[in-house]
Structures are given as structure tokens and as C-alpha cells.
Amino acid sequence: MDRSTFWKGFFRQQRPLIILGSIVVIVILYFYLTTPVITEAVLASAVRHATPLVLGAMCGLLGERAGIINIGIEGQMLLSAFIGFLVNAWSGNLLLAVFAGVAAGAVLGLLLAFMSVTLKIDQIIGGTVINIIAVGLTGYFYQAGLTTEGKLAPIALGKLAEIPIIGRPLFNNPPITYATIVLVFVVHYVLFYTRWGLRTRAVGEHPKAADTLGVNVYKIRYINVILGGAIAGLAGAFLTLEAVGSFERLMTNGRGFVALAVMIFGRWTPLGSWGAALLFGVTSAIQTQIQFAGVIDIPHQFIGMLPYLLTIIVLAGMVGKSRPPAADGIPYEKE
Amino acid sequence: MNENIPLALEARKITKRFPGVVANNRVDFSLKKGEIHGLLGENGAGKSTLMNVIYGLYSADEGELFIDGEMVEINNPHDAIDLQIGMVHQHFMLVPVFSVTENIILGAEVMKGTTLDLNKARQDITRLSEGYGLKVDPRAIIEEIPVGVQQRVEILKALYRDANILVFDEPTAVLTPQEADDLFRIMRQLTEQGVSIVFITHKLREVMDVADRITVMRRGEVVGTTTPQEIDKRGLAEMMVGREVILEVEKDPASPAEPVLQVMNLSVNDERGMGIVHDISFEVRRGEILGIAGVQGNGQTEVVEALTGLRSPASGEFYLNGKEMPYGNPRKLIEAGLSHIPEDRQRHGLVMSYSVADNMVLCTYYESPFAKGLQRNKQAVLENAEKLIADFDVRTPGPMVHAGKLSGGNQQKVIVARELSRPVQLLLANQPTRGLDVGSIEYIHKRIIEERDNGAAVLFISAELDEIMSLADRIAVMYQGKIVSTLQVDQVTKAELGLLMAGSEV
Ligand SMILES: Nc1ncnc2c1ncn2[C@@H]1O[C@H](COP(=O)(O)OP(=O)(O)OP(=O)(O)O)[C@@H](O)[C@H]1O
Ligand SMILES: [Mg+2]
Chain A
1 MDRSTFWKGF FRQQRPLIIL GSIVVIVILY FYLTTPVITE AVLASAVRHA
51 TPLVLGAMCG LLGERAGIIN IGIEGQMLLS AFIGFLVNAW SGNLLLAVFA
101 GVAAGAVLGL LLAFMSVTLK IDQIIGGTVI NIIAVGLTGY FYQAGLTTEG
151 KLAPIALGKL AEIPIIGRPL FNNPPITYAT IVLVFVVHYV LFYTRWGLRT
201 RAVGEHPKAA DTLGVNVYKI RYINVILGGA IAGLAGAFLT LEAVGSFERL
251 MTNGRGFVAL AVMIFGRWTP LGSWGAALLF GVTSAIQTQI QFAGVIDIPH
301 QFIGMLPYLL TIIVLAGMVG KSRPPAADGI PYEKE
Chain B
1 MNENIPLALE ARKITKRFPG VVANNRVDFS LKKGEIHGLL GENGAGKSTL
51 MNVIYGLYSA DEGELFIDGE MVEINNPHDA IDLQIGMVHQ HFMLVPVFSV
101 TENIILGAEV MKGTTLDLNK ARQDITRLSE GYGLKVDPRA IIEEIPVGVQ
151 QRVEILKALY RDANILVFDE PTAVLTPQEA DDLFRIMRQL TEQGVSIVFI
201 THKLREVMDV ADRITVMRRG EVVGTTTPQE IDKRGLAEMM VGREVILEVE
251 KDPASPAEPV LQVMNLSVND ERGMGIVHDI SFEVRRGEIL GIAGVQGNGQ
301 TEVVEALTGL RSPASGEFYL NGKEMPYGNP RKLIEAGLSH IPEDRQRHGL
351 VMSYSVADNM VLCTYYESPF AKGLQRNKQA VLENAEKLIA DFDVRTPGPM
401 VHAGKLSGGN QQKVIVAREL SRPVQLLLAN QPTRGLDVGS IEYIHKRIIE
451 ERDNGAAVLF ISAELDEIMS LADRIAVMYQ GKIVSTLQVD QVTKAELGLL
501 MAGSEV
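Taken in order, these protein sequences are the chains called A and B.
The first sequence begins at 1 in the numbering used here and counts up by one.
The second sequence begins at 1 in the numbering used here and counts up by one.
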């Protein structure tokens, strides 16, 4: 992928997302004209819903671009959410707590890298191990009634926050949400514009070719999976330290898996994943809105299914059409 | 060559074992500064293994390496690159979805700050490719360009890294004679600049033409080192195989009967929708070998891909024995008697992670005797493999070894063995002897002629003029996606054929 061809390819590949996205944008504009306040609230909530999803997706795609499938994102988020919460509870220092969450994610990333790169364990099993560890540890050490002081608060970016429609959703957010938006562009830049990114993609497509050019396949895989873990850790920190403010059992609630769908829908690109995550975010937000307003008389369980239904439809529609990195999931053996 | 020229590289007593084989057994090899050293040997003799040891891809079990007289440790390709060793691998080491530029700079990226400077890289590559006469489009995506061009990219990759020692592992297997001559010109140009070159090939003419010294290996050991002045082709062949080899093809005149394959108005587009085969029609008769001659990239491969269903044609009809080909249904095609030896053995010919035995029944595994109802009959599969391994002289530690562990030429033999092991109505052979040693080529030619004499129709594609001239009964010349002429083989000379392939009228 050269850069000019990259963008052409990008738009061609992301066509389903772009079409769906355009429809959503038109619908949103329509609602904005009729009920501006609610629409802005829905959008803001969509961005918040999207944050852990796009972070999870970036965790997944960093690994898969280098050839390591990570289905342990859910576990990485969960444990990080818990650690972040504990550190906040003990220290009361939110910044420290965020770093603790990120570090916890990175450690689980290291574990996954060790299992899949060094031990060459089947990567699906490796990811499952991580999920089980996370559920086990958080369940065991969970103390009901532990509370913390406060959570990360929104910071309005001056005049920007007053722009109609997008002002509130984009420019009046708490720090991790801002960091996520920045990260999307950083990861995009790293993956497609830097030496590291070129090597990462080469390792995910044809590790032997990369090896013959002196690229250290194992090192690239390790670092990407660890970085991915750290990003999943940030998603965990988001849940306890920014969104909810406390920890609950199994609070990730499948987001780590939805993130994988988001990654695939976004064709293993950060920008595409962001778009896909926003789409999921919008459905989640609308879902909450419908339940909240009680406009339609359907049992709330059905409305609650909406985002997951979308996941299934999206994945079913994408099967066979999207192409993962060629060496995805295959351990690299020398000789 | 002067005896006193210092050595650029020396390998002493290299031993490398793989499960079941000793690929290199106490091999001594030396490369003088500025020489072209031809390395010959049968398929599986251990040539690639030796070079992979030197390049750090394999670590030797025993032995020592010296560069410029100093002992060195080469543990991985990175060490080799640091010692200015470059290698063009036998099987392409290209990332299919990357552009030419990205493939060439990988590992030696040109940067502007933290950003890849692809513009500068493209300029460098264009300059390099023009300097050496290796035409490539730096923006092209690897998987969309023909293998001949991919080979150029591999060569450019090595040149881009300013190597002092260059290893070419069968670079000419997919090149046309003209392209090969260009490569030899480049090699000489490089040796004049002081580069030392190891050149592996199975084409005796090539080593005789360009090598300063020749080393021959057989079954993991060095048989001897000689020079083109001291030996001739026949002698080399004998040294390689250990017996006398008949280098000319012997065959009776063809007696063509009714057409088996009829192709009408076939047009094929490439990935970008550009026409690459334009409205061609031809037929192949029972009992004849139709050779398609042409410079790589003139549509030959696409014709075969369309016929085998690997690529959907833009328009056209094909008939097999008068019936419309069950296009899009490979199993029906196979059951109708189609055999296909594909151009890219690793991508379309083999499942690399399957055993040799399983690869040999890829098309027939569901039939008796290889299956009974839902159950496979392992015994029959194994017996079949053992027979084919013996008939085709496949050098493998055993039938259960993964195909990916075989040497390149032996992988090719597995495919040929499979495709010729069932009743053949139509054989589509795209470079069937690519990468095979002289002894195996002799055998496979013999088998193809046998198929012809037994009533098969053979469509045969080769970039080797000699091979086309000696094997084909009729020759169709392709140029820019069209068949520019069809001739009986005895009506044309090699020179004329060369001209036709280059697009001029005779
Ligand atoms: N990675 C591997 N694992 C196991 N066995 C191997 C491996 N690579 C090579 N071999 C074995 O080592 C022997 C030598 O193989 P090598 O590839 O060096 O032959 P070669 O001389 O290059 O042959 P060719 O002309 O067919 O390329 C063969 O018997 C092969 O099966
Ligand atoms: Mg070889």
C-alpha cells in the first residue's frame, strides 16, 4: 500500500461503513432539526459508548496487523478496570489509577505475547486464558461496598464546545475520551506512515520475508501485543474511572468482543474502527434513549439487544469480504 | 582466475541436519573476491541450505564461516546484512499486498523524521532500476504483477542494500532468456565493482556462460569444483546426477487426432480491469503438444488461469472433448480429465503444511481407493505416495514429511507426480520443469511425451525457447495478449521465434 493508493483502497474498502455512516448522519441531522437537545445528548452518549470499543479495536488490530490474534481484549479491559478502580480507591489519585489500569493491560499483553510468540500456543486458547484469568481474579478480589471519590470529569474546550451538533459530543469530554480520539490518529500514523508500522504490517503478512530483511519478527510481535494490551487497559480505566466511577462484576459486558467486530468492520484500520465504533455507539445511545423515554412498547431486553444484533449482522455481512492480514494467527517458526 | 585472489567468503566443514536428512555434510565452499561462482546440484542436494546457513536463516550444526578471512558468527539475517551479504531467495520473499517500493525498503527504510519518505524511496528505486535496466513500477502492488517482474523486484531488493557478497538462488527459473541475459550483464557489472556472487541454477548453459568457477553438490556433499574451461555441459550433468544424462528430448513425430480443448474468443482482464488477453482462439488436439511461447507477462499465465477457473474470463467459451467446460467447478474439471501444473507451485500447487502423501492425493482423496465411504484409507494414500516418490525420484525423508520442508525442485516434482498420476485428457503445464535439475527434466519430458502418445492433449507454456522448441509439436506465439502466429515446430528457427516473441513480423 503506497499512500495515494492507500487512500483509494481505504475508501473502496470502507464503502459499507461510509454508506451506513452517511445514512446515520442524515438521520441525525433530521432529528437535530426536530429535537436538538435530545439529539446532542444521544451523540455525546454515542461518543462515550464508542470510546472503549475503538480502544479495544485498536488493541486488536495492533496485534493482528503483526499476526497475533487477541481475543483476550475483554479480559484485559476487565482486569484493568478493576486495577484502576482499586488504585483509585487506595490512593485517590485518578491519574495514578489510569496509569495502573494501562499497566495492567500491558502486563496481560505481555502474557499473551509470551504464550503466542514464545510458547507458540494456539492464540485463541491464549486469549481465552486471559479472559478466564481476568474474570477469576476480579471476581475473587471484588469487595462489595468499596467506593471511590469522584471520576474523571469533562473538560469543555472553550468555544469549540459551543459548535452546534458536534460541539458537545466532541469537545466537551473527559480526558480518556479526548486521549482516545488523539490515539486513533496516532495509531493510524504509526501504522501507515512510520518504519515501525511498515515492519508491523510486513510481519503480519509475510513474517519470513520480513525476517530475511533483518526485521526481528518476535520483537515486533511482542511490542505490538503489549502496546495493544496497554490500549485495552486504557479502555478498562475508562470504564471505572471515567464512565461509571465504580467497579462491578463483569462490567465489560462483552465490549472486548464487540471491539473485535468493530475492528473487522473497520478493516483493521484505526480510522475505520473509529467509524464503526461510532456507529455502534449511536445504536447503543439510541437504545438507551428508547428505553429511557419509553416511546416504544417493547420489552427493554429486546431493545438492549440492538448493539449485539448489529454486531451479528455486520459480521455476517462482512464474512468473506474482508481480508485479515495473511499471517494472522500463525506462529512464526524459524527453520 | 588468479590463484592469489583473496577470498570474500569461506565456509568450512558446514554440517546441517534436518529430521531424517543431512542436508549439508561437512561442506567446504569458497568464494573469491569479484568472482561469479556457479553452484550446481540435483534437487535436494543442499544448495539452498548452504546459502541459508551463510545468510543466517539456518544455523549450522557444525562448521565455520569466514568473511574476508575473519571468522564470523551469523545467527540471523540481520547479522548477514550487517556483513553486507545479500540474498535473492529461491522462493519469493515479497509481501503480496505491499507495493514494490515498500517491499524494497522494508528493513532499510528511508526516513524523513519519523515518517517514511516514500517519494525519495521511489526516486531511488527508479534510479536503481534504470541504472541496471530492471524495469519496474515502484507503485505497483506485488500480487498484481507477473512473477517475472516480481523476480526483478527481488533482485532490486538485494541491489538496494549495497551488498558485497550476493547470493542468487535460482534467479533465472522464472526469467525469459532475454531477461536472464540482462541479469548476467548486471552480474558482470557488479563483479567489476568488486561484488562477489554465488549463482545457483539448473541451467547448464547459464553457468557455462557466466561462472568463473563451478561447484557441484550431490546429496549434501561437494562433488568438486571446476571451471567452464575444464568441463562441458555433458560433463557437468554427469557430475551432478552421477550418471549420463540425455540432454536432448527424443520423441516421435506427433499424430494429432480430434481436438480435445477448443478455446473460442477468450478475453481476460487483469485485477484492474485492463484487458490482458484479447479475443484469442485456439485448439489442442489429442496426441499433440501445443507450446505457448512468449515473453513473461504477455497473457500466457492468464490464459491458463482462465482455463482452470483460477480467474474468471471477461468473455469466451471453452470446450473439453466437445462439451462446454464445467467452468467454476474444479472437481468436475478434474474429473473430466484436466491436469494442471501451475506456475506458482507454493501458492496454487501445494498445501505446504500437508504431508507429501496428502498433497499427492489432493484431487482424488475422496475416491476409491483413497477413501471408503466417509473414511480415508491411509494405507492406500501412503502406498500411492511411495510409488510416486520412487517413480519421480522425489528426494524427501519420507512420505509423511510436510511439503514445505522439501527443496524447491522436489516440491515441483510432487505436483508433477500428482498431476500425471491420474488419467489425463488435457494437461495444462505452466513451466512444468521450473527449478528442476537436468535429470528430473529429462524424466518429466519423457513423461509428458508419454502422455501425448497415450492420447492426451498437452498445452505447455515455457519461457525457455530451447524447451519449447524441443518439446512442442506446434507453437503458438503470444504477444501483448494476442496469438500472433501459430507454427509447426519444424517450420521455425529459434531466432525467428525470438523475433516473433518480441513482437516483430518474420
Ligand atoms: N526447513 C527444512 N526442514 C526440513 N528439511 C529441510 C528443510 N529445508 C531443506 N530441507 C531438506 O534438506 C535437503 C536439501 O534441501 P535444499 O533446499 O538445500 O536443496 P537444493 O539443493 O536447494 O534443491 P533445489 O534445487 O530443489 O532447490 C532436502 O532433502 C530437503 O528436504
Ligand atoms: Mg534450492
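Hints were generated in silico from the structure; no laboratory data involved.
There's no promise every hint is true.
What the hints assert, rightly or not - Taking beta-carbon pairs under 8 Å as the criterion, some of the chain A residues facing chain B (in silico):
no. : residue
1   : T194
2   : H206
3   : D211
4   : L213
5   : Y218
6   : K219
7   : A243
8   : V244
9   : G245
10  : R249
11  : D328
From the three backbone atoms N, C-alpha and C, an ideal C-beta is built for every residue, glycine too.
Consistency of the hints with the structure:
| no. | hint | in the structure |
| --- | --- | --- |
| 1 | T194 | 6 Å, holds |
| 2 | H206 | 5 Å, holds |
| 3 | D211 | 6 Å, holds |
| 4 | L213 | 3 Å, holds |
| 5 | Y218 | 11 Å, violated |
| 6 | K219 | 11 Å, violated |
| 7 | A243 | 33 Å, violated |
| 8 | V244 | 37 Å, violated |
| 9 | G245 | 37 Å, violated |
| 10 | R249 | 42 Å, violated |
| 11 | D328 | 12 Å, violated |
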